[in-house]
Structures are given as structure tokens and as C-alpha cells.
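Student: Here the protein sequences come in this chain order: A and B.
Numbered by the numbering used here, the letters in the first sequence go through residues 1 to 160 in order.
Numbered by the numbering used here, the letters in the second sequence go through residues 1 to 651 in order.
If you are wondering where the hints come from, they were derived from the structure by calculation, not from laboratory data.
Treat the hints with care, as some may be off.
Restricting the straight-line Cα-Cα distance to at most 30 Å, the calculated cross-link-like pairs of lysine-lysine (BS3-like) are [to be verified]:
1. 132(A) <-> 397(B)
2. 64(B) <-> 125(A)
3. 132(A) <-> 407(B)
4. 125(A) <-> 71(B)
5. 639(B) <-> 132(A)
6. 125(A) <-> 407(B)
7. 341(B) <-> 132(A)
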Amino acid sequence: MEIAWGSVLAFLGIAIAVVFPGIGSARALGRLGEHAAGVVTEMSDRFGATLILQALPGTQGIYGLLIGFMIMTKIGVFDLANFVPLTLYQGSMFFLAAVPIAVVGLLSAIAQGKACAGGMGIIAKRPEDLAKAITYPAMVETYAVLAFLASLLMLNGIPL
Amino acid sequence: MSLAPMAKIAILIPDNLKNELLGLLQKLETVEITECSEADLSPYYVQSSETVADRISELEADLKKVGGSIKLLQEKFRPKQGIIEQFASLRTPVSEELFVSVANEPGSVMALCDEIQDLERRWSELQKTAGDYQRILDELTPWLNFDAPLAEVGNTATTVSKLGSIESRELAELTAELATMPDAPVHLEVISQQGQRTFLFCLYQRQDQELVQTVLSKYGFSEAKLPQSDADPKTEHQRLQDKLTQITEKANAVHAELARLNEAITKLLSLNDILSFELKKATVAQLFGDTGHVLLISGWCRQVDFARTKEAIESTFPVAVVEEQKPAEDEIPPVALYNPKLVEPYENVTTTAGVPVPGSADPTPAFAPFFFIFFGMALGDAGYGVLLTAMALWLTKRTRAVGDGLKFLRVLLMGGISSFIFGVLTGSWFGDLLPIKTIWFNPAEDPLKMLIVSLALGVVHLFVGLGVTFVHNLRQGRVWDAIFDQGLWWVFIGGICLILIGFSTVGKVIAIAGGIGLIFTQGRHEKSWLKKFFKGLMSLTDVSSWLSDVLSYSRLLALGLASGVIGVVINDVSQMVSGVPVVGLVFMALILGVGHVFNLLINVISAYVHSSRLQYVEFFGKCFESGGRLFEPFALRTKLVQVIPDQEKVN
Chain A
1 MEIAWGSVLA
11 FLGIAIAVVF
21 PGIGSARALG
31 RLGEHAAGVV
41 TEMSDRFGAT
51 LILQALPGTQ
61 GIYGLLIGFM
71 IMTKIGVFDL
81 ANFVPLTLYQ
91 GSMFFLAAVP
101 IAVVGLLSAI
111 AQGKACAGGM
121 GIIAKRPEDL
131 AKAITYPAMV
141 ETYAVLAFLA
151 SLLMLNGIPL
Chain B
1 MSLAPMAKIA
11 ILIPDNLKNE
21 LLGLLQKLET
31 VEITECSEAD
41 LSPYYVQSSE
51 TVADRISELE
61 ADLKKVGGSI
71 KLLQEKFRPK
81 QGIIEQFASL
91 RTPVSEELFV
101 SVANEPGSVM
111 ALCDEIQDLE
121 RRWSELQKTA
131 GDYQRILDEL
141 TPWLNFDAPL
151 AEVGNTATTV
161 SKLGSIESRE
171 LAELTAELAT
181 MPDAPVHLEV
191 ISQQGQRTFL
201 FCLYQRQDQE
211 LVQTVLSKYG
221 FSEAKLPQSD
231 ADPKTEHQRL
241 QDKLTQITEK
251 ANAVHAELAR
261 LNEAITKLLS
271 LNDILSFELK
281 KATVAQLFGD
291 TGHVLLISGW
301 CRQVDFARTK
311 EAIESTFPVA
321 VVEEQKPAED
331 EIPPVALYNP
341 KLVEPYENVT
351 TTAGVPVPGS
361 ADPTPAFAPF
371 FFIFFGMALG
381 DAGYGVLLTA
391 MALWLTKRTR
401 AVGDGLKFLR
411 VLLMGGISSF
421 IFGVLTGSWF
431 GDLLPIKTIW
441 FNPAEDPLKM
451 LIVSLALGVV
461 HLFVGLGVTF
471 VHNLRQGRVW
481 DAIFDQGLWW
491 VFIGGICLIL
501 IGFSTVGKVI
511 AIAGGIGLIF
521 TQGRHEKSWL
531 KKFFKGLMSL
541 TDVSSWLSDV
551 LSYSRLLALG
561 LASGVIGVVI
571 NDVSQMVSGV
581 PVVGLVFMAL
591 ILGVGHVFNL
601 LINVISAYVH
611 SSRLQYVEFF
621 GKCFESGGRL
631 FEPFALRTKL
641 VQVIPDQEKV
651 N
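One chain only, chain A, in its complex shape:
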């Protein structure tokens, strides 16, 4: 059987879209979990606030999965009966569409995690300032959102 390199590239695109932002989110959430546990050891009533703060860099992983899922839908992974092998040209476009969220997702999750870690300090000292603690990490989130948007629009424009 001849290998449809286009489809292979598209699958590679799915893989990087899911893997890299996932790694970034997991790393950030793990670190933040440690910080949050530290705060809660002293002040158990801060659980809710620290949980929200910990969850913030989780969105990159979700954006990555979404792009992966949308590629899957578009190339017909769920509908194998009608699965059409892609040309190399189409495949590389799918791959490239995954690049923004893969790269920016990974790096912005880690960066956002650092901003959240700073926010944990706010929660520990001034729990009433939760909104402020959330706003700084939200600034970082912007770039994940933009990358997601770029990936999405690129994906949308691929002719099949």
C-alpha cells in the first residue's frame, strides 16, 4: 500500500496540537498544585480561591485538544468509511495550522503558571483580591487565545 504522506502529516499535526499545550498545562498545573497546597496547609479556607488560580493555565491544553479534534473531524477520522487520503500539500497545511497552538500553547501555559504562582501570594495575604490575582495570568492567556484563533482560522481555510 502506498503511504499517504499527507495524512501522516495531518496526524502529526494532531499529535503536536494535543501534546505540547498538554505538556505545558500539566507542568504549570503541577507546579501550581504545590503552591496551592502550601497555602492551604496554613489556611484551609483558601481552597476555592487557589483552585481557581491553579486551573487558569489549564486552558492551553484544552485549546490544543480542540484544534486536534477539529483536524480529526475535518480529515474524517471519525468517519473511516469515507476517509480520503490527503495530498502532501493538504497534509502540510494541516500540520502548519497546528503549529501556532502547539508552540504558543506550550510556552504560554508555563509563563501563565508563573504569573499564577505570584497570584497565590496575593491569595495567601489578601484573599479578597482574588479578581486581581486572576487578572495578571489572564494577560498571558491572551497569546494562547490568539494562537488558538490563528490555528482555527488556518484550519478553516484549508481546501479539501
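Using the hints, position chain B against chain A.
Tutor: Only chain B this time, still in chain A's reference frame:
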């Protein structure tokens, strides 16, 4: 759009009416009391007496005691915590009757505190003793089979006897080695074996002491330290066990007594709030100016409340005098936000970023409609909108929220409504779960159209931001500033927008006119002509910041799509498992339920945060000047308990 005007208020009242006046002010909640300086009353000013300071420290000590008792009880009898309590501490509801009765007789509740602390001390002492007994009992357990009085173990004139233990695996070798020493006979008796250790009784002649001991220690023999007693271990064990039971019973009784007192914890919580009221009153009273006979109370009051406050005070206390004073030049009034009911909840969003400086514009009413729309676009699902609205309503009722908490829930409530409207327009009901017809268009199918909608909304939002400053400048009489700094930007950016949407000829003319206007006006504060020109020219580089500001609104598309697409993914996955025989439908329901709730929560956070951010960074950049101090009228608010009026039932 502007802040509530403030009036400086001065109240003169005889000394003996101090508490009554405080009571009235607390009910009115319209006056923020400021410190009255010596200069205000000179030369009649007298230093406030020490009794006030004494009263304050007395109250602080009482508060500490009550707080300590509450903490003690709550640590021992942890109150049940639901999901909500994990996220916010709720106030305990108490009936008005109970609250008033505690307020009238704080002494009996204070006595409870003494009792609680006393009981706690006894309880921990008993616990400690019980622990000691338990340790001795544990040490005795291996020796229960030893049938001689413990006191008889030891040395006689010719013999030595010992109780001790070794590792069980050493036993065989020890016995063997002892057997090789016929000159030094040793009687070795195994009393019991527990775990890895064997417990031994050994008896040998005094003359062989050194030799035997060397052998014993070689095998790790460790002597047992047992209590001296005339009884054998079994009897002694029984005796101690009985004692321990007695102590435990006593401790249990103390614990039960504490549990009984814990039922009165609402009284303690009430007392804590009552004492903090008293403390606050006493602290505020320190701010009053005093002549020895008359008190001067100065403070701030919203202009709209002034007449009402004056009327209330003067009718309650005919001797009192209430006057409006002209603030001194260097006095900066506090800032009160004053908005219609629908806009009021969004004040939270403003104050999170900061309090506007006195005399500037309050941006809240200008951005509130945009916050509403943005939230709806970012969540963007009719089903989620309904859920969020219901959740916000339920939480409002359940937590009996007041103040900022209530405002926040109101923002969520309106966000839910907005999301519902937007979801209906775009045909999104829990993703694609409910096949209800799209009224407008589906952003997932035509993201470019949605992108344009988002960016266009952004431009309008920013223009309104300029409008806030424009109006403010006009009101302050700075007509030219309004025209040059805001009006020309409208013209310039408006022209560029016209070009972008296809009216290039008209747009070009307008944009160039605006641009030239900016070049000639933005440098008007500079002195030299050259600087004027360059500053004007440089101002055009702000276009880049406009570009990034406008592009920032693309997040509305992305967030809306993200929540929609995740919803679709959840539905797809649940579809896949629905085919599994028997459990398929259960799994499907589970995935749908958990998935959509999770998606809702994540996206509510995103929608709130990003809608706020668009105000803070983009909108406030055009119109907000923070640095004021929020107006805090004197009021007494309970922190730990929530007083329920007698008409309602405490549930």
C-alpha cells in the same frame, strides 16, 4: 456618568448623646466619619479621656477570648462544609431574637467562653494522662504471662533476675551460647513472643553477672523498664486498664459537655459580631472632637443624602446642629459610585481596577452594556446561559449574599442572560445537543464574520471610552481638549474604518483630515514650533496601539468558539459511548452531565476575566483615572452571623 457629589458634614451634639447618635448614624449608613483635628475646635479642644482607650483595649481582649473559644469549638466540632463553603465562608443564620438577647446580656455568653476554655484545658490534661497510662499498658502487654510480682524481679544476695527482650531470630544462638557455659548456669524462660521480638525472663548467679551480661548484650538483650508493683503483671495491667477506662470516661464526659456548649456556638458567633460593633463604635468615637461638653463630628456624606441625614439627626436630637461645611483646599473627598440598579453590579469590575479620582468620570455605566455583551459572546451558549442564570439565582438565595458578593452574583446572572440571548442567535444549545434553529449565523461555520463582528464591537467600545473622556472634558469646560484629544481621534480612526469597510474615497478624505488635525494639535502643549510639529507627528504612532487594542477583541470570537466547540466535542464523545450495550446510556448521561458542567465553569471564569480585561486594558486606557479612595459610610455589618428578622424562619 460622573461620581456622586460629596458634602462635608459637621454635627454638634452634647457629649451625653454620643451613643444614641452613633446608633442613628449606623442606621442611616450615610456618613463617613473623619478625624476631627485639634485645629477644628481650638481653643476649646480637650484631649479625649483615657477611658476610651481603656474601653478599646478591654473590648479587644474580650474579642480575642470569644474568637479563641469559637476557634476551639470549630476545630473540635468541625461544622459541616458544603461545596459553597469551600469557596466562600458563609455567615451563620441566627434569629433576631437570639441576636438581641445576646446583645442585651453579653455577660452570660462571656461566661460560656470561660467555661469552654476551662473544659478544653481539662480535656487536654485528661488526654495527656490517658496517653501516659496507655504507654505503660503497652509496655506491660508482653509480660502478662509472667506470674510473679514485678517488684520481686531484681537482685538477691546470690542471684540476679531480669526481664528483657531480644530479636526473635537471635534466640536460638543465645540459648546455644549459654549452654556452652556449664560453669555459669542461666535460667532462661520465654514469656511471650510479639512481632519480631521475644520477651525473656532470665535468672543467674550473682558471681557470673559480668560474664552473663556480656553474652546477653552481645545478642542485643534490652532490659524492660516496667512499673514497680507488688502485683503480677496481669493484675497490674488490669488495675491500670481500669484507671484508663475511668480517665477516658471522664474525658468523654468533658467532651460531651463541650459538645453541649457547641450547640450554643451561634451565641458566641453573635457575641463576636456584637463586640466588633462595640469596638468599631469606640474606635470611631475616638475621631470625634470634644470640648468637654459638646462633640464635634465631621465627616463626608453624599450630597443627595445630606438633607435626609440632617433631617433625621435634628428631628431625633432637637439639640443637635448639623451643617454643611466647605471642604478646605487640601481636603480630598472620598469617592462614591452612584449608578442605576442595572449598572450597579458592574461597579465591582471598576473598583477591582481602582477607584476613580475625585472629580473624574465614573466609567461604569459606559462599559456595563459592553461587559454584558462581551460576557455573552465569550460564553455564547443558550443552554449554559440558562444554567448560569439558575446557578446565580440559587447562590444568591443560598448564600444570602450582600455587598460585593451580591454584585458579583448579579454580574453572573446578567452574563447568563446575555449568553442565553447570544446562544439563541447563534443556535448553540449545549454545543449542538439540542437541534434548535440558528437565528443569525453559526460562528463555527463562518468564523470570519464573527471576527469582524468582534472587532467592530471593539471599535465601538473604544469610541465610547473616548466619549467618556470627551463628555468629562466638556463638563469641566475644556472644550478644545475634548475636540482635539478625543474628537480628532474619532475622525481619524473613523476614517480608517470607513476605508476598511469599502468606502475608500470618503474614508481617505476623513482619515487624512483627522490625521492632519492630530499633527497640528497634539503638540499644542510644547513651546517651540519644532517640538509642536514633531509631537503632533509622533502622536500618529498611537495608531499601532489602536491596532493592537482592536485586535485584542478577537478573543471574543476565540472564547465563544472554544466553549461551543468543547460542547460539541462532549456531545460527540457521548454519542460514541451510547452504542455500548447496557451501560451505554448511563455513560452517555455521565459524560454529558460532567462534561457540560465542567465546560460551563471553565468558560464562566474565562468570560468574566476576559470581559474584565477588555475594560481594564483597552477601555480604561481611554478614559480611566484611578487613585481615589472609596466612600465608606459608618455602618455595622455582621461578619460571622446573619441576623434573620423574626418574620422569616431560620432554616
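Student: Hints first: check each against the structure and report whether it holds.
Tutor: Checked hints:
1. For the hint linking residue 132(A) to residue 397(B), the alpha-carbon distance of about 26 Å falls within 30 Å, and the restraint holds.
2. At most 30 Å may separate the alpha-carbon atoms for a hinted pair to count; residue 64(B) and residue 125(A) meet this at roughly 21 Å.
3. This hinted pair checks out: residue 132(A) and residue 407(B) have alpha carbons roughly 16 Å apart, not beyond 30 Å.
4. With a CA separation close to 20 Å, the supplied pair residue 125(A) and residue 71(B) stays within the 30 Å bound.
5. Of the pairs offered as hints, the one joining residue 639(B) and residue 132(A) holds, with about 23 Å between alpha carbons and a cut-off of 30 Å not exceeded.
6. For the suggested pair residue 125(A) and residue 407(B), the alpha carbons sit about 23 Å apart, so the restraint of at most 30 Å is met.
7. Restraint check: the Cα-Cα separation between residue 341(B) and residue 132(A) comes to about 25 Å, which is no more than 30 Å; the hinted pair holds.
Every hint from the earlier list agrees with this structure, and none is contradicted.
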